[in-house]
Amino acid sequence: MAAIQERYVLYRTPEEHSEDCGRFPFEQIPKRVFLDTNVINVLVKYCEAIFDHAPIPREIDATLAEDIEALVHVFYVGARADWDIVGSQKTLDELSCTKDNSLRGNFSITQLEL
3 MAAIQERYVL YRTPEEHSED CGRFPFEQIP KRVFLDTNVI NVLVKYCEAI
53 FDHAPIPREI DATLAEDIEA LVHVFYVGAR ADWDIVGSQK TLDELSCTKD
103 NSLRGNFSIT QLEL
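So for the sequence shown, our numbering puts the first residue at 3; every next one is plus one.
These are computed hints drawn from the structure, not numbers from a lab.
Treat the hints with care, as some may be off.
Said to hold, decoys possible - With a straight-line cut-off of 35 angstroms between C-alpha atoms, the simulated DSBU-like cross-links for lysine-lysine are:
1) Lys92 / Lys33
2) Lys47 / Lys33
3) Lys33 / Lys101
4) Lys101 / Lys47
5) Lys92 / Lys47
All chains, please: the whole structure from these sequences, using the hints.
Below, the structure is given as C-alpha coordinates:
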(Lines of atoms letter the chains of each structure in order from A and count residues from 1; the text may use other names and numbers.)
(Lines give C-alpha, C1' and ligand atoms only; values in the text may rest on other atoms or scores of the structure.)
Protein backbone atom coordinates (compact mmCIF):
# COMPACT_ATOMS: atom_id res chain seq x y z
CA MET A 1 0.00 0.00 0.00
CA ALA A 2 3.03 2.28 0.04
CA ALA A 3 2.26 3.66 -3.43
CA ILE A 4 -1.22 4.64 -2.32
CA GLN A 5 0.04 6.42 0.78
CA GLU A 6 2.32 8.62 -1.33
CA ARG A 7 -0.61 10.66 -2.62
CA TYR A 8 -4.12 11.51 -1.69
CA VAL A 9 -7.06 10.93 -4.02
CA LEU A 10 -9.69 12.74 -2.06
CA TYR A 11 -7.36 15.24 -0.36
CA ARG A 12 -4.35 17.16 -1.59
CA THR A 13 -2.70 17.32 1.84
CA PRO A 14 -2.84 15.48 5.16
CA GLU A 15 -4.20 18.70 6.68
CA GLU A 16 -7.26 18.61 4.40
CA HIS A 17 -7.87 15.04 5.52
CA SER A 18 -7.57 16.00 9.19
CA GLU A 19 -9.96 18.91 8.68
CA ASP A 20 -12.58 16.58 7.19
CA CYS A 21 -12.09 14.12 10.04
CA GLY A 22 -12.93 16.95 12.42
CA ARG A 23 -16.03 17.95 10.45
CA PHE A 24 -17.25 14.38 9.93
CA PRO A 25 -16.44 12.28 13.02
CA PHE A 26 -16.06 8.56 12.42
CA GLU A 27 -18.87 7.84 14.87
CA GLN A 28 -21.34 9.71 12.65
CA ILE A 29 -20.63 7.72 9.49
CA PRO A 30 -23.67 5.61 8.50
CA LYS A 31 -23.33 1.98 9.56
CA ARG A 32 -25.03 0.51 6.48
CA VAL A 33 -23.43 0.99 3.08
CA PHE A 34 -25.40 0.11 -0.06
CA LEU A 35 -23.29 -0.72 -3.10
CA ASP A 36 -24.66 -0.16 -6.58
CA THR A 37 -24.01 -2.35 -9.60
CA ASN A 38 -21.13 -0.22 -10.89
CA VAL A 39 -19.27 -0.32 -7.58
CA ILE A 40 -19.67 -4.09 -7.29
CA ASN A 41 -18.42 -4.46 -10.87
CA VAL A 42 -15.26 -2.54 -9.95
CA LEU A 43 -14.85 -4.54 -6.73
CA VAL A 44 -15.01 -7.84 -8.60
CA LYS A 45 -12.87 -6.81 -11.58
CA TYR A 46 -10.15 -5.12 -9.51
CA CYS A 47 -10.39 -7.02 -6.21
CA GLU A 48 -6.63 -7.61 -6.02
CA ALA A 49 -5.91 -3.89 -6.19
CA ILE A 50 -8.68 -2.97 -3.75
CA PHE A 51 -8.31 -5.67 -1.11
CA ASP A 52 -4.74 -6.94 -1.55
CA HIS A 53 -3.17 -3.58 -2.48
CA ALA A 54 -1.79 -4.91 -5.76
CA PRO A 55 -0.74 -2.20 -8.23
CA ILE A 56 -3.59 -0.58 -10.14
CA PRO A 57 -3.22 -1.54 -13.81
CA ARG A 58 -1.57 1.33 -15.72
CA GLU A 59 -3.63 0.80 -18.87
CA ILE A 60 -6.97 1.72 -17.30
CA ASP A 61 -8.68 5.11 -17.48
CA ALA A 62 -7.44 7.70 -14.96
CA THR A 63 -10.94 8.19 -13.51
CA LEU A 64 -11.33 4.45 -12.93
CA ALA A 65 -7.89 4.35 -11.31
CA GLU A 66 -8.97 7.08 -8.89
CA ASP A 67 -12.22 5.20 -8.19
CA ILE A 68 -10.22 2.05 -7.41
CA GLU A 69 -7.90 3.96 -5.13
CA ALA A 70 -10.85 5.57 -3.34
CA LEU A 71 -12.35 2.10 -2.79
CA VAL A 72 -9.02 0.97 -1.31
CA HIS A 73 -9.39 3.70 1.30
CA VAL A 74 -13.08 2.97 1.92
CA PHE A 75 -12.46 -0.72 2.52
CA TYR A 76 -9.29 -0.05 4.54
CA VAL A 77 -11.40 1.99 6.98
CA GLY A 78 -14.33 -0.40 6.60
CA ALA A 79 -12.16 -3.30 7.77
CA ARG A 80 -12.04 -1.66 11.19
CA ALA A 81 -15.54 -0.24 11.15
CA ASP A 82 -18.72 -2.03 12.06
CA TRP A 83 -20.34 -1.47 8.66
CA ASP A 84 -22.94 -3.58 6.93
CA ILE A 85 -21.96 -3.72 3.25
CA VAL A 86 -25.10 -4.58 1.28
CA GLY A 87 -26.53 -4.63 -2.21
CA SER A 88 -30.20 -4.39 -3.06
CA GLN A 89 -31.98 -7.37 -4.58
CA LYS A 90 -32.28 -5.40 -7.85
CA THR A 91 -28.52 -4.87 -7.89
CA LEU A 92 -27.89 -8.56 -7.24
CA ASP A 93 -30.35 -9.48 -10.01
CA GLU A 94 -28.54 -7.15 -12.44
CA LEU A 95 -25.22 -8.77 -11.59
CA SER A 96 -26.56 -12.26 -12.26
CA CYS A 97 -27.48 -11.19 -15.82
CA THR A 98 -23.95 -10.31 -16.92
CA LYS A 99 -22.86 -11.89 -20.21
CA ASP A 100 -19.28 -12.58 -19.05
CA ASN A 101 -19.30 -16.12 -17.59
CA SER A 102 -16.20 -15.65 -15.43
CA LEU A 103 -17.57 -12.43 -13.95
CA ARG A 104 -20.97 -14.02 -13.39
CA GLY A 105 -19.27 -16.69 -11.26
CA ASN A 106 -17.41 -14.05 -9.29
CA PHE A 107 -20.63 -12.08 -8.87
CA SER A 108 -22.29 -15.19 -7.43
CA ILE A 109 -19.58 -15.41 -4.78
CA THR A 110 -19.96 -11.69 -4.10
CA GLN A 111 -23.73 -12.09 -3.75
CA LEU A 112 -23.22 -14.73 -1.08
CA GLU A 113 -21.02 -12.31 0.83
CA LEU A 114 -23.54 -9.46 0.48
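Verification of the hints:
Of the supplied pair hints, the one linking Lys92 and Lys33 holds, its CA atoms being roughly 21 angstroms apart against a limit of 35 angstroms. Restraint check for Lys47 and Lys33: satisfied, since their Cα atoms lie roughly 25 angstroms apart, inside the 35 angstroms limit. Pair hint Lys33 plus Lys101 holds up; C-alpha atoms about 33 angstroms apart against a cutoff of 35 angstroms. With a CA separation close to 14 angstroms, the supplied pair Lys101 and Lys47 stays within the 35 angstroms bound.
Between the alpha carbons of Lys92 and Lys47 the distance comes to roughly 20 angstroms, so the proposed pair stays at or under 35 angstroms and holds.
Consistency note: the structure conflicts with none of the earlier hints.
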